[in-house]
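Starting from the structure of chain A, add chain B where the hints point.
First to last, the sequence lines map onto chains A and B.
Counting in the numbering used here, the first sequence runs from 1 upward without gaps.
Counting in the numbering used here, the second sequence runs from 1 upward without gaps.
These are computed hints drawn from the structure, not numbers from a lab.
Computed from a prediction, not measured in an experiment: that's the story for all the values here.
Keep in mind that a hint or two might mislead.
Stated by the list, open to error - Pairs of lysine to aspartate or glutamate, EDC-like flavour, derived with a Cα cap of 16 Å: (1) B:LYS153 with A:ASP134; (2) A:LYS143 with B:GLU146; (3) B:LYS143 with A:GLU146; (4) A:LYS13 with A:GLU291; (5) A:LYS143 with B:ASP134; (6) B:LYS252 with B:GLU169; (7) B:LYS50 with B:GLU181; (8) A:LYS108 with A:ASP97; (9) A:LYS50 with A:ASP228; (10) A:LYS143 with B:ASP142; (11) A:LYS108 with A:ASP96; (12) B:LYS108 with B:ASP39; (13) A:LYS252 with A:GLU169; (14) B:LYS252 with B:ASP176; (15) B:LYS143 with A:ASP134; (16) A:LYS153 with B:ASP134; (17) A:LYS252 with A:ASP96; (18) B:LYS252 with B:GLU181; (19) A:LYS69 with A:GLU31; (20) B:LYS143 with A:ASP142; (21) B:LYS69 with B:GLU14; (22) A:LYS252 with A:ASP142; (23) A:LYS69 with A:GLU14.
There are 2 protein chains.
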Amino acid sequence: MSSDQWQLQSYMKERIQLIDLALDRYLPGAETLPTVLHDAMRYSVFAGGKRIRPILMLAACEAVGGEVKNVMPAACAIEMIHSYSLVHDDLPAMDDDDLRRGNATNHKVYGEATAILAGDGLLTEAFILLSNPDTWGDAPADKYCEVLHILAKSAGSRGMVGGQVVDMEAEAKPVDLPTLEYIHTHKTGALILAAIEIGALLGGASEQQHRALCRYGEAAGLAFQVADDILDIVADPSQLGKDIGSDQQRGKATYPALLGLAGARQRASELRELAFSSLDIFGDSARPLREIASYIVNRSC
Amino acid sequence: MSSDQWQLQSYMKERIQLIDLALDRYLPGAETLPTVLHDAMRYSVFAGGKRIRPILMLAACEAVGGEVKNVMPAACAIEMIHSYSLVHDDLPAMDDDDLRRGNATNHKVYGEATAILAGDGLLTEAFILLSNPDTWGDAPADKYCEVLHILAKSAGSRGMVGGQVVDMEAEAKPVDLPTLEYIHTHKTGALILAAIEIGALLGGASEQQHRALCRYGEAAGLAFQVADDILDIVADPSQLGKDIGSDQQRGKATYPALLGLAGARQRASELRELAFSSLDIFGDSARPLREIASYIVNRSC
Numbered sequence: 001m002s003s004d005q006w007q008l009q010s011y012m013k014e015r016i017q018l019i020d021l022a023l024d025r026y027l028p029g030a031e032t033l034p035t036v037l038h039d040a041m042r043y044s045v046f047a048g049g050k051r052i053r054p055i056l057m058l059a060a061c062e063a064v065g066g067e068v069k070n071v072m073p074a075a076c077a078i079e080m081i082h083s084y085s086l087v088h089d090d091l092p093a094m095d096d097d098d099l100r101r102g103n104a105t106n107h108k109v110y111g112e113a114t115a116i117l118a119g120d121g122l123l124t125e126a127f128i129l130l131s132n133p134d135t136w137g138d139a140p141a142d143k144y145c146e147v148l149h150i151l152a153k154s155a156g157s158r159g160m161v162g163g164q165v166v167d168m169e170a171e172a173k174p175v176d177l178p179t180l181e182y183i184h185t186h187k188t189g190a191l192i193l194a195a196i197e198i199g200a201l202l203g204g205a206s207e208q209q210h211r212a213l214c215r216y217g218e219a220a221g222l223a224f225q226v227a228d229d230i231l232d233i234v235a236d237p238s239q240l241g242k243d244i245g246s247d248q249q250r251g252k253a254t255y256p257a258l259l260g261l262a263g264a265r266q267r268a269s270e271l272r273e274l275a276f277s278s279l280d281i282f283g284d285s286a287r288p289l290r291e292i293a294s295y296i297v298n299r300s301c
Numbered sequence: 001m002s003s004d005q006w007q008l009q010s011y012m013k014e015r016i017q018l019i020d021l022a023l024d025r026y027l028p029g030a031e032t033l034p035t036v037l038h039d040a041m042r043y044s045v046f047a048g049g050k051r052i053r054p055i056l057m058l059a060a061c062e063a064v065g066g067e068v069k070n071v072m073p074a075a076c077a078i079e080m081i082h083s084y085s086l087v088h089d090d091l092p093a094m095d096d097d098d099l100r101r102g103n104a105t106n107h108k109v110y111g112e113a114t115a116i117l118a119g120d121g122l123l124t125e126a127f128i129l130l131s132n133p134d135t136w137g138d139a140p141a142d143k144y145c146e147v148l149h150i151l152a153k154s155a156g157s158r159g160m161v162g163g164q165v166v167d168m169e170a171e172a173k174p175v176d177l178p179t180l181e182y183i184h185t186h187k188t189g190a191l192i193l194a195a196i197e198i199g200a201l202l203g204g205a206s207e208q209q210h211r212a213l214c215r216y217g218e219a220a221g222l223a224f225q226v227a228d229d230i231l232d233i234v235a236d237p238s239q240l241g242k243d244i245g246s247d248q249q250r251g252k253a254t255y256p257a258l259l260g261l262a263g264a265r266q267r268a269s270e271l272r273e274l275a276f277s278s279l280d281i282f283g284d285s286a287r288p289l290r291e292i293a294s295y296i297v298n299r300s301c
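Same shape as in the complex, but just chain A:
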């Protein structure tokens, strides 16, 4: 393992710890009534997520010289929304998954009704948190309202939820590359781009910095999904935390299915280069963003 990789691993580990501490503080305690609901909400938030979205948000904020503490509530809110989306995606009526990151999915532990409501609760909690002046620090109300607006749009029916609908419609029928890119820029990409945009906004990015970071966010978001599709085929099951080839079995359109494995890897590395070149205007402050883009792509190569 190179020294660079080691540095990224310890950076990510430290960030995950910080984010987990903040999530624990911002989420209603497990003793809050009704306890089964808050237990279910916490179960999925603390089920071993890699915290990619909040880490990207913190890194974008730091790339433009902002402070981590100002962006932490938004970082936690985006992770709550990501967690809710996984709980609902895993439901029997959707992907019907029993395992997520090697653990039983929410509805397998708490039942379907509580899982639906735990997802609803997590989504709503993100907006409770972002609209609470106590969590804003020095930022004015209109800035946090803008953050909330970016996040809600990226998560809603013209963003992540819309991507999930098209993904379901595309199951077991031929899908072309533009449809596949629509699915991924919405289902996964929208929230990743929002993470970067919010980090830039709360970090005080100039217009030029904002545009550059958005280009990075688009490329990294798509790279993440291409890598995920590749991992579904080639990964070690114990690493993946779910069954290998589950996308294929479900007849899901994937990049390797459309471009071949070599073509998908080629696409992932093109996206990594695009992410890199977007960061040309930044110096060392963008090093974490560069290394995360490499990490996203390398884990599938």
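Only chain B this time, still in chain A's reference frame:
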């Protein structure tokens, strides 16, 4: 029919038309991609709802001398959240209802997965709308952020979603009056109280007016649920739009089951009197609120 009743009916009809027009404007159009999702979202919003929450919000705003146009976006947001809650409550994993207001429920028309996502989309859309400066009119960002915070808290895991969890837990087991009141003050009452509070806030209520309106909101919210429980037993099925006695069949705790039919009616009229007396400090501007409290209780007597 008395002249008062006629007036209330025409007032409600005019308000419903105004609210429906605004909802149509604020919701993504049915042609927005993915169309099936936006179609499903609109199906449940325009399925003949009585618009009680937005009407109460507008009426609370007017009671303190505020203008309807300033509160309309929040009125639409609360109706989107109410609609999402019905879509999720009707799901097979929850109440498993085929009919809602005489129409097929969302999942019967669009399938379970799309219904879950349509609910998610509606909940998120409420926050997209409330965080959009274009919809705020003259109100400053921190006022709309406060509105959003009140609404999110009332809808979340310590409000409406929490009430639904306890309601489900209470099925087919003996429930005492405190538990029943917990269920209703959370499942239905929280959103009704939020409607009143937001109307008061955006209308520019004084502290005294705000307290008085919150007392009204608590009483009216509970009265609404007691009346609903009574209607489940005594209503004409064609009026109810669902099967008579469905709460009883499901073993749900209700006020008539705990207090008897006469006792439940007594409780409803006590709550109406409490709602009335809370409005003593207001003159004619609170007439709609008084008449709505009467309407809520009278429809069950």
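task: Kindly indicate which numbered hints from before are broken by the structure, ordering the numbers from low to high.
output: 7, 19, 22
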